[in-house]
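Chemist: Spelled out from the first residue to the last, the chains are:
Protein chains: 2
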Amino acid sequence: MIKVVAKFVIKSDRIEEMKSVCSDLIDETRKENGNISYELYQDVNNPEIFSFIEEWESQEALDQHMETDHFKKAEVHFGNFAAKDPEVNIYSLVK
Amino acid sequence: MIKVVAKFVIKSDRIEEMKSVCSDLIDETRKENGNISYELYQDVNNPEIFSFIEEWESQEALDQHMETDHFKKAEVHFGNFAAKDPEVNIYSLVK
Chain Z
1448 MIKVVAKFVI KSDRIEEMKS VCSDLIDETR KENGNISYEL YQDVNNPEIF SFIEEWESQE
1508 ALDQHMETDH FKKAEVHFGN FAAKDPEVNI YSLVK
Chain C
1448 MIKVVAKFVI KSDRIEEMKS VCSDLIDETR KENGNISYEL YQDVNNPEIF SFIEEWESQE
1508 ALDQHMETDH FKKAEVHFGN FAAKDPEVNI YSLVK
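Respectively, the protein sequence lines represent chains Z and C. For the first sequence, the numbering used here begins at 1448 and goes up steadily by one. For the second sequence, the numbering used here begins at 1448 and goes up steadily by one.
Be careful, since some hints might not be right.
Put simply, identical chains are the same to the list, so a pair is met inside one copy or across any two.
Pairs of lysine to any residue, SDA-like flavour, derived with a Cα cap of 20 Å [what the hints assert, rightly or not]: (1) K1450 to V1541; (2) K1458 to G1481; (3) K1450 to S1484; (4) K1458 to D1510; (5) K1520 to K1531; (6) K1542 to I1473; (7) K1458 to M1513.
In short, the hints are calculated from the structure, not lab data.
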């Protein structure tokens, strides 16, 4: 199992669009083979900060996700919404 | 429910100490009222990057956690182990 945290800082005037695009992405991603969980969070202290927290059965499943049409479509939107480069970390559980 | 992601970059020669200190912290924290989950992850591409991914019933439960002896003790160690300031975000679920 791998865990992904993908953190975005979104321009303040694009926050509602961000949520809308993510909603569709989440619905499609949860149908994928190898996805265990895929959730979007918003910072309680700064509404411009969002993180996807994701669980995948394997790196291969994550790689396949990034080749899907729904991911590639959302990625273009994220590039327009983001105030800076996203911060993506792939993790394994220590404890 | 709130979710916390607390990300640390640890000096390469302190990684094993970091894991040891975190192990005790995790055991104690999981016994706390209001803690739903408390897990430590290490970046698969950069072993100096660690994140706690935490779930708490409320902000109050998280506030109480930060007043415990086990948290304060670990915090001193983290200050010594860290290569830079930690990045802590408190999140609510969007979807």
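Chemist: Checking against the hints above, which ones are violated?
Modeler: As far as the earlier hints go, 2, 4 and 7 are violated by this structure, in ascending order.
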